[in-house]
Amino acid sequence: MTKSSEESPSRRTFMMVVIGLISAVVGVAVAIPILGEVLSPLFKKRDIVWSKLGKVSDLKNIEPLVPKFVPVYFRVKEGWTVNTLPRQVIVVKDITGKLYFFSNQCTHLGCPLHWIPARQKFMCPCHGGMFNVLGKVVGGPPPRPLYVWVHKIENDTVLIQNKFLDNPKERGV
Amino acid sequence: MFKKIQNWFDERIGLTELINEFNGERIPARGGWAYTLGSLLAFLFTIQVVTGIFLLFYYVPYFPMARNATYYIKHHVLFGNILLGIHLWGAFTMIFFLLVHMSRVYFSGSYKKPRELQWVVGMVLFSVVVVLGLTGYMLIGNENSWWTINVLTNVASHTPVIGGFLRIIVRGGTETSVLTMQHIFAVHVWLLPIIVIMFIPVHIFLIRKTGEQGLPLEYKNSKLADDDINKWKHPDATVPFFPNQLYKDMIVALCVFAVVYMLAVVYGAPIGPMYRPLALNFAPEADWYFLANEELLKYFPGHGLIIFSTFLVPTIGFAILFALPFIDRGHERSPFKRPAAAVLGILFLLLLVYLTLIGGEPKAPATV
Ligand code: HEM
Ligand code: FES
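From first to last, the protein sequence lines stand for chains X and W. Take the first sequence: its letters are residues 7 to 179, numbered as in this note's numbering. Take the second sequence: its letters are residues 84 to 451, numbered as in this note's numbering.
It should be emphasised that the hints constitute simulated quantities derived from the structure, not laboratory data. Given the structure is predicted, the values throughout are model-derived calculations rather than measurements. Errors might be hidden in some of the hints.
Partial pick of chain X residues on the chain W-facing surface, computed with a CB cut under 8 Å [to be verified]:
#1 Leu45
#2 Pro77
#3 Asn89
#4 Arg93
#5 Leu115
#6 Gly146
#7 Arg150
#8 Arg177
Within a straight-line C-alpha distance of at most 20 Å, the following computed SDA-like cross-link-like pairs (lysine to any residue) qualify [stated by the list, open to error]:
#9 X:Lys66 <-> X:Asn161
#10 X:Lys175 <-> W:Phe248
#11 X:Lys175 <-> W:Val244
Beta carbons: idealized from backbone N, C-alpha and C, even for Gly.
Next up, chain W with everything else stripped away, as it sits in the complex (with noise of 0.2 Å):
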């Protein structure tokens, strides 16, 4: 019976062929562990449309309501503290696992020629996946949503020259309002997830036409200098994708599916009260990953260098990132023959961690 079905398609498509092809493709065999990173973030994206489109059947985007109907779906729908609580651990671990698939692929030097394009494509789902969690952030349509919003904004207002702009088309006008959220639900529910869709697949199908680097341990076999360029084309041995591959990049899926479940379930997202400008004591609080940023922002006082924390730093260190590839040109791959930029990226990752971390501490004024 499944034999006739698979041959009623061979014949007219030939499918059993296509799909050889796909599982077929031959995967570094040592390292095969750090490579399921990637298919982890693309498992992750799925749980997150799916829970998304599914939290749609009750979530309202108007500000007045926000806030009401996430409470609804946490409180009062079926398993709905479930569903949001996995869309909001699903988004925290997705961010969290895009720095280490980063990291991996930076000190494993995978961005190098001929892999410059996926590093590019990469940033920009690191970009978008980065501005979904904030907006997500804002359609709760509490306190912090609000004056997120605000802020950020006001962030975006100090663009040179298109700065003020800018504020307007977001806010959809001068002042945060209904047409602000209605915004920010249309980006975060449409416009950066279709990019992300269309993105992911270009990602994965550069990968499969230079195919996968891997860590310079795949190539020590080798007898070729490090920066000759012709050692990095063959690892010592692969394996083929379909079964090898995929049975790790399963296990660590569900490894991580089932610590966002075990979290949705036990902590669930906290919504907190309705948004109220007229707030005497409330003090805003950033997520997590915006933190280091926020941190920056306390830095530089003053008209003159305000622009330091909201446009210069933050634009030249993404610029800097996007061109990553193009900036380090050397073949050298393992992160012991390039010191410098394993120290600079140990450095880096060290930054962030340090001003995650105070940027989370309570602040003064709420404590006084």
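One chain only, chain X, in its complex shape (with noise of 0.2 Å):
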């Protein structure tokens, strides 16, 4: 006949060295997946793609130090769909003709910024951010200038990555 437990001091050890094995073992093969499946996106790399923005002889005759918001649409892979994620580049020319792609999205936290030409600047609807035209914080919270988008020009076409240039963290987006 088997012995319970209570006579025997070592099978109760054993059988709750047992329990708590088997409680392991099931906890450890259940947690794997699951940790596998909620830190997927990090092994994801991301869908990078170019898109038109328009014209630089269109561009170039926009009025210098006014921002101009043109939209951008990126045709991306996300997850299990293909989407179109529309974004606004800002587009600005300073005095000696140089263009500027800027993102509109705060760099505090990503807010939508509003141009105010009244007082020359962008201001962040969510906690009081300023930039001036081009793009440096000049008020509020933001930790860093205005994010400028990876773009290029290919026979007076320019186009723009979804990704911003110097942002090793991607924040944004």
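Hints given; two lone chains; assemble the complex.
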């Protein structure tokens, strides 16, 4: 006849160890795929695409130091779907004629910026961040100047990538 | 007939005895109305679960459709506006009464030995319910949902070391996408409610183990000194939970529910326009219970300080609240005998109200 655990302390210890081990094995076995599932986005490469913004010759004609908001549409794979991401590109021409392509996302926490002509500033509606027309922070909490879209010019066409220059942590977008 | 059914159960599982034990719990007699707040929260949570389940008959957690599905519930489903309205106003009411319940147990010193765990479990419930509110706001799929997701995941990204990963995990990728909505959906509908459903019974079990402490005035006949722990063990008079306490619980539940229902019918749930990442003059707004936090984000400018508003201040604040029973360990219960705790508590509440009020002011740029 099997002895009950009261009579044999060593058997009791043995059973406790087995109970603990079974729980641990099942726990770990279930935790592994769950962790994989949750962490999976970390191992996925982001879909980076080029998208047409417009003709350089047209953009060169905008007024200097008056930002022009131009929408751009990125067609990218997101998980199991292909989606169109509409984004704003703020095109600014400085007095030398150089073009800048800023994102309209505040560099603080990502709210959409408003251009206030009367003050010649981009203002953030969320926590009062302010940027001048060339993207420099002139007030409020934003920690860095406006993001600049990765861009290139090919036969008079400006192409924009869904990625910011100088943005190692891939904030925003 | 009824007697027979009762006997059938009693012979097998002793049901009557079980019920009597549950109903017979002794509750301190004087402050009954103050002790209705906990069961009010359990009641409101039940309403949230029931209405939430039935919202799922129509809701679709897909970013390009979620807002229109919600709109459909409100405008085309019979009484859908009431169902959605109860879920929204019920959530607001629950968060409000969480603060009231917390204040009540704070000022009556109920978190002190031997009830530290009740407080800690309560804090778990509080944190989870607030996140439930935030994720619910995101699920509507309107403009505020879109920007709230972006802003809050960016806040998370400022957590030291793991911040960047955290944002990617929550979003299901670098960008806010359809996967983000799917994640938030799973969290709002399964993960967090299950945590609450598990922790409310733990909270109540603990309270039954130690007994309800109640307000300090329950102990005024005691001859023992205030800082004697034995003084706080035996209230002067008690009543049974059923029917005395439950009677009050039900009256309060009804009154609050009537208000929630009226708000649902009269104001309903505002849905707002579909999210438009291209919007040029949209000013995102947080729900009222997040405005104090939102206001905090306005201070601490620049690269070096951003971590104060996004991580340090909220985290330290929460940590202090969680650990409160282990920080404040005196045996005094009455707020008049613990002036420091009472004053700090009042100041904290005033600060919360103040930050919420100025956080809710219209934002300048949108109106310039
Ligand atoms: C979903 C949320 C919650 C539910 C359903 C809930 C439920 C209850 C109930 C039914 C009681 C007994 C009756 C009463 O004193 O009101 C109670 C007491 C208590 N609750 Fe909660 N509670 C919740 C959240 C919290 C939170 C956020 C805290 C604090 C951080 C907290 C701390 C306490 C403490 C310390 C007591 C003991 C009071 C005493 O013995 O005098 N609870 N709760
Ligand atoms: S998001 Fe622009 S100031 Fe905070």
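Now for the hints, and whether the structure bears them out:
no.: 1; hint: Leu45; verdict: holds, 6 Å
no.: 2; hint: Pro77; verdict: holds, 5 Å
no.: 3; hint: Asn89; verdict: holds, 7 Å
no.: 4; hint: Arg93; verdict: holds, 6 Å
no.: 5; hint: Leu115; verdict: holds, 4 Å
no.: 6; hint: Gly146; verdict: holds, 6 Å
no.: 7; hint: Arg150; verdict: holds, 7 Å
no.: 8; hint: Arg177; verdict: holds, 6 Å
no.: 9; hint: X:Lys66 <-> X:Asn161; verdict: holds, 14 Å
no.: 10; hint: X:Lys175 <-> W:Phe248; verdict: holds, 10 Å
no.: 11; hint: X:Lys175 <-> W:Val244; verdict: holds, 12 Å
Figure legend: structure checked against the earlier numbered hints; every hint is met.
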